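Q: Read off the chains here:
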Amino acid sequence: MKELHNVNVAMRTLARELLESGTVAGVYGWKKGSRPTLTSPLYIQDAAKADRLAYDQYAVSNLSALLLDHRNNDKKRAIFVKGCDSRGVVRLLQDQQITPEQVLVIGLPCPGMVDEAGSLLTKCAECRFPNPVMADQVLGGVEVSKQPSAPTGVTAEAARKVGVGSRAGERMAQVAQLEGKTAAEKEAYWAEQHDKCIRCYACRNVCPACNCRDCIFDTEKKGWVSKAATSSANAFFAITRAMHVAGRCVDCGECERVCPMDIPIMTVNRKLQQDIEALFGPYDAGVDETVVPPLGRYQTDDPEEFL
Amino acid sequence: MKRIGVFVCHCGSNIAHTVDCKQVADEAAAMPGVVHAQEYKYMCSEPGQVLIQEAVKEHNLDGYVVTACSPRMHETTFRKCAGRCGLNPYMVEQVNIREHCSWVHADKEAGTEKAIDLMRMGVAKVLKNEPLKAATIPMTKRALVIGAGIAGIQAALDIADNGFPVTLLDREHSIGGRMAQIDKTFPTLDCSACILTPKMVEVAQHPNVELMTYAEVESVGGFIGSFDVTIRKKARYVDTKRCTGCGACIQKCPSKVPSEFEMEMGPRKSIYVPFPQAVPNKPVIDAPHCRYLQTGKCGICKKICPTDAIRFDDQDEVVTERFGTIVVATGYQQFDISAYEEYGGGRIPDVITGMHLERLLNASGPTSGKIKRPSDGKEPKNIVFIKCVGSRDEAKNRPYCSKTCCMYVAKQATLLKEKLPASKSYIFYMDVRTGGKNYEEFYRRTQVDYDGHYIRGRVSKIFQVGDRLIVRGDDSLLGRPVEIEADLVVLAAGMDPQHDARELARTLGIAYDAHGWYTEAHPKLKPVETQTGGIFLAGACQGPKDIPDSVAQGSAAAVKASALLTKTELTGEPMIAQCNEAMCSGCGLCVTICPYKAITRQPKQERIHGKMRERMVSTINSGLCQGCGACTVACPSSAMNMGGFSDEQIMAEVDALCQR
Amino acid sequence: MRYGYYPGCSLTGTGIEYGLSADAVIRHLNMDMKEIRDWNCCGASSAHNHDPLLSIALPARNLALAEQQGFREVAVPCAACYQRIKAAEVAARDPLKRREMEEVIEEELSGAIVARSLLEIMVHDIDDSALAAQIRRPLQGLKVACYYGCLLVKPRAIAMDEAENPMTMDHLMERLGATPVEWGYKTECCGGSLTLTRPDTGVQMTAEVLKYAKLAGADCVVTPCPLCTSNLDMRQGTAEKKLGRSLGLPIYYFTELMGFAFGLPMKTLGLDRHFVEATGLLQSLPVPASG
Amino acid sequence: MSALSPKSGSPADCAVTEGHVGLPVLDPPPTAAPDTGKTKNGEWQPYIVGFACNWCTYAGADLAGLSRMQYPPNMRLVRVPCSGRVNPQFVLRAFQKGADAVLVAGCHPGDCHYGTGNYFTRRRFLLMQRLLTFMGVDPRRFQARWISGSEAPKFRDVVTELTEQVRPLGPNRLWREVEP
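Residue numbers (the UniProt record's numbering), protein chains in the order written: chain A, 1 to 307; chain B, 1 to 660; chain C, 1 to 291; chain D, 1 to 180.
Honestly, the hints are just simulated from the structure, not real lab data. Note that the structure is a prediction, hence the values are computed from the model and not measured. For glycine and all other residues, C-beta sits at the position ideal for the given N, C-alpha and C.
Among chain A residues calculated to face chain D with C-beta under 8 Å, some are:
| no. | residue |
| --- | --- |
| 1 | W190 |
| 2 | A242 |
| 3 | D302 |
The calculated lysine to any residue pairs, modelled on SDA-like cross-linking and capped at a C-alpha distance of 25 Å, are:
| no. | chain 1 | residue 1 | chain 2 | residue 2 |
| --- | --- | --- | --- | --- |
| 4 | A | K221 | B | C579 |
| 5 | B | K524 | D | L63 |
| 6 | A | K221 | B | K133 |
| 7 | B | K108 | D | L63 |
| 8 | A | K222 | B | K133 |
| 9 | A | K221 | B | E606 |
| 10 | A | K227 | B | N580 |
| 11 | B | K461 | C | E182 |
Chain B is nowhere near these chain C residues, computed Cβ spacing over 12 Å in every case:
| no. | residue |
| --- | --- |
| 12 | K34 |
| 13 | V276 |
| 14 | P286 |
Turn these sequences into a full structure, and let the hints steer you where they fit.
A: This is the structure we're talking about:
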């Protein structure tokens, strides 16, 4: 992608400098994969490997959850972020899993991510935060913004053309469509979805909000749920996962992307987002780390339905 | 597997009438883990408890379930019973087959079935019970009383008389509070100073009391038993050890400032004591108004002082001291009448407040007790009182009654009539509320013997024409408008919380209501306690109060505080949160949700990948945790659990109920 | 700021001096104020006694027109018009009410447009130095009783100033060099709606206002309301009879005094159209040294 | 298809986070678990699990007993210190194990014995209720109520109503664990 040529050069230079100077102990970015349409995560600790870094419209992976590998480490790591990725970093900062001293956030302009066929990902069409919500440095002229905004930086024009954010108003369409169904239809729909789950936990592993040291689905001691992928246990897993990230999900869509069984996980997350906004007021998780997530606070005059 | 006993109580016929107790016991005996099941007429009786204790010994029980009445009734009984036979009291569960079963289901079959389910639930739970032990926390045998008005003075005296050291703190440089400003007290009309000053002297001279005036609380750390209180002692510019209180400096000081104590109706000096009977009776320098401190010129006080006590280089001093318990007695402030534009909003000089009139009535006040109105010093003839100014007024966000105004207005009208026999007082009221011993009688005397003219209705407007005040209102009993030409209008301004009450509450970690009054732990049964262990309330900081109520509360708070101080250590609640540090990721979700600030993130040293690393984990202060369990749900990884109501126990109960 | 100007009916009729002086002052200050095209009755004094929906729908149409014509604020000189239009603005903040209003007037309303009284615009939007620069004849020594009436300050939801002791006009008068007197009748009723139905009571109320202005030592009364002015000016003679004393208090619109201070001709401001002679008092003011 | 597809790359690119990609577990075809609710005179009875806070609702239920109020025997109460102690996972667990309906009950907001617990309860379960409805659970099967220590009649009415609301719905089989 020609707009990103200089950004790629700057990324490599910056990564090299940061590693050579010892400013950071490692850098998270992307590399070109085995196919032209694959740009996969890369972690380097050696300045010599900085040239492997690459960033283009296939660099869809959110790298923020990888920072958890170093959560008890004093050394600093640099991470390249798109708008959606940056909210994952804020998630980790707010959840106190990393400290600002441990991470150097480098914001990148996002051209809009596309699939193998070259069409814009739905999550990018629905994107409200195409610019980093926080960054220590930026490349490619991207502007940091804590407000929903239009794409900025060198790829702004390209992003606009492919329609980044053009369908932001329709984010809840899938939720609305399901809400319109009868209880029996919903039950059948979700039973089918839950039955597909193979409990690989890829959704959890990639999620920056799923940052527990020990996940309750890994600890057998308490016996919250059986390991077996039964319909019942899968539903328990799906709902519990959703409740645990309620008000904390940063809307990056990685859970759904990595799901090998195509379970519409984000529909559940979006449903919760929608209800939280309706019940407790507007809130975007992973934007402002000083605002406590909605389930960690209350208003005495919250909606009352339990009278 | 644990060896469990089940004891089925008949409660006379209360349970046995509609629950087949034998069947419950039989079903229990057949349950895995249950090694003994038994029925008895009254399990809570002495023989019943002996029966349990013998069974514990005979069958070597690890725990037992009593199916009986509500655990809210006898849980403590059956836990103590276990304690007496060497079993941990928390290895006992009581299930409720009386209130929740036999009394509410007449159908014996359905009742028995439910009782069996509940019994199974109890057994399933007790199988997961762990012995619990209450943590103990040390008690610092020293109390802090914040605020040295009459409530604080009383609290400090009572604590001191109980034999405990107490520090009495006030931000003003004399103790005494609002009561010192008041002229006479209702309903006895004894002079306020005459009954207050002996108490002030008594508390100052008490060997167990340390006075700390001109000082403010900056921060409070710690918890019940060991509060670490940081106090700022404001610079006085006078060495209190050297100063003899001779007053020569005050006399010679050339700079005059309106006196706060006199409601700015009279002057004071820049070096001053607020009022003649002040305790300690040693002046301070008001730095912003001191010529020397502002311009470097003057210094007369220093020159004249016979003991060389003036210290122009004095600095604020910040100290941190430890107290076991705190009594908050910070009082109130008078409502600011500027909110009432229709009454002149404080712009009309002869529209004054009740406290202004107290000072005008007082023989040591700015007019030496002569009633002179502020604008021109004339003696007023027609005096209008308006009650409920800043009370019972939703529009001013003061829906509450200030409780004292009805009586102080009656008192002031009486005193005015005594001082100015030719005067006439008109009193506009909404209701006259005189609940209190001899209060109603006093109010009647004001009306009958002292010519107080009570008019039921609100005043809509006061304005000035020439040197008269036109007071317009309505008489709602006669149903017609009234207009009075007055010489002086007294607004019976209500009580407001101190302007910084919320700030102090947050510092102390205590609750306050929508207006800023401090919230007691229970409106009826815990009137002087707060939700925060070890912190008590006295006086008007909790809500409008008159002097007798404030004194009573001061004594009550002192009893509560002393009860703590008699202990060398405190026993905490055994059923509290427990953090599994190995699982805890230190995210702090539990910290924000804890109502008692009992959880803090603390560093934990740990060997990770062969290196010593530090990571943050949640730590529970067993002295502060009250066992609500909110943290357990906030914690997504279930690292946070709770003794007595653990995840495992509750799940076992659910499973047992459902798997029938 | 561009304002849509809503003159209302009084400013060409009973309140002609207000209309003339407001026009002159607006023009003199070069303010970007254009009359709203095709405006209609604000509904004051009758609509809200008949039909609550009508009483907000009528003024709402004016707001809708102003929006369509690209205004974000509407400037309203007449106090009665202000109260109705402001009431419509407040009602339009409620989406349900707004939909109802839109249905009646068959126009769209954003709910974002703001109605403001000409008085507050003059005081808050024109800064001190700009105003001072215009003053040719400061109102030195003129003691004015600022009389606001009820419509600008009640009820609370629409009030442009404090209901008991408003100060907006007092500040304006001070800036023009006059001395506002402290008095208690700033917002007392002028008897407006009773003058036709219960003339005796109405005049009594008018007389009270004038009496207390006089007692406070005022030379004249200044108002922002055509209805109040009608009562205080036109009925001053009757009031004098009722009080049994002469008053001779000219009643000015604040815009007239602004215009006079700016040095505009009295005729342009309509100062010759008063019932109580109004030019003499102003002419008697000391003339500032030229320069 | 979901809202956020299509995917880029294969699921393997999540290997970087050491995801456990496994083969689907082959379940035996689900067989209906026996209904928890027993039949009485041939009529099916709903079985309801209630979580009650110790200070208000449990006390309210005690008072109902003291007042000898009569209500259907279909609910079993689990005592918890505070409604804020009720983990949504307990609710799911009850459905898994065969409850036909679940009630969470505590003090009225503002009256919490622990000050603030039930404010969090309210937020949490407002949300969970909507999520469960979204997933096809009949809202009558999961309810939350505020019942104070003095509201014995309310406790009786809530139990009665809940029982009667759930009766026409029949046994809940959604998420029910299959008997091994």
